[in-house]
Amino acid sequence: MLFRSLQKSMLIHPDGSHNVLLRALRQLKDPRLEPLFTELTQKRHPSLKIHGILGLGEIAKPPHIDLALVADIKDPATQAQLIGAAIDANLLTTADAEQLTRWPGLSPALGVLVATQLVAEKQKVDPAVLADAVQ
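Position in the sequence shown (from 1) plus 13 gives the number in my numbering.
Hints listed in this document are in silico derivations from the structure and should not be mistaken for laboratory results.
Careful: at least some of the hints might be erroneous.
Stated by the list, open to error - DMTMM-like mimics (lysine to aspartate or glutamate), calculated; alpha carbons at most 25 Å apart, straight line:
1. K62 to E47
2. K42 to D79
3. K62 to D109
4. K87 to E111
What the hints assert, rightly or not - The calculated label-pair distances, taken between Cβ atoms and stated as ranges, are:
5. N103 to P44: 28 to 36 Å
6. A37 to R57: 21 to 29 Å
7. A37 to Q148: 13 to 21 Å
8. S60 to K135: 17 to 25 Å
Owing to the predicted nature of the structure, the values given are computational and were not obtained by experimental measurement.
All C-beta atoms, glycine included, are put in the ideal place defined by N, C-alpha and C.
Please put together the full structure from these sequences, using the hints given.
Here's what the structure looks like:
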């Protein structure tokens with residue numbers, strides 16, 4: 014039964030049930046699920062990739078997302094969705110947020126998300142990060 018659920022969670026379902034299954038697996042925060050999450054980071058579908066990166070971040074000690082995995086995502090909308098979820102799950106450290114603001118070609122959406130996080134943490138934000146979003 015468990016093996017079948019694991020297999021089912023790695024397939025995209027039109028009704029979105031894969032998201033429910035993956036969210037449930039992530040909530041376990043079980044380090045033994047690292048191979049599953051690592052495999053998900055290699056999938057092409059953005060939803061699976063996001064769950065994989067978040068899952069690895071949630072089992073990391075201390076919990077945080079791997080910015081190298083974020084950088085591997087080329088679609089700015091997917092990056093923004095991932096960072097938004099990471100912020101909601103408290104997986105984006107202040108140091109990582111500051112590092113993201115220095116990324117070349119930072120998308121406006123990602124810049125706004127990261128700046129919002131830094132402001133919430135009472136950190137300074139370089140106005141240049143928001144310049145594209147303002148325009």
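Verification of the supplied hints:
Between K62 and E47 the CA atoms are separated by roughly 13 Å; this keeps the pair inside 25 Å, and the hint holds. For the hint pairing K42 with D79, the CA-to-CA distance comes to about 16 Å; that is within 25 Å, so the pair holds. Restraint check for K62 and D109: satisfied, since their Cα atoms lie roughly 19 Å apart, inside the 25 Å limit. For the hint pairing K87 with E111, the CA-to-CA distance comes to about 20 Å; that is within 25 Å, so the pair holds.
In this structure the hint that N103 and P44 lie 28 to 36 Å apart at CB is violated, the actual value being about 18 Å. About 23 Å separates the C-beta atoms of A37 and R57, a value consistent with the hinted range of 21 to 29 Å. Restraint check, A37 to Q148: a C-beta distance of roughly 41 Å breaks the suggested window 13 to 21 Å. For the pair S60 and K135, the beta carbons lie near 33 Å from each other, so the given range of 17 to 25 Å is not met.
The earlier numbered hints that this structure contradicts are 5, 7 and 8.
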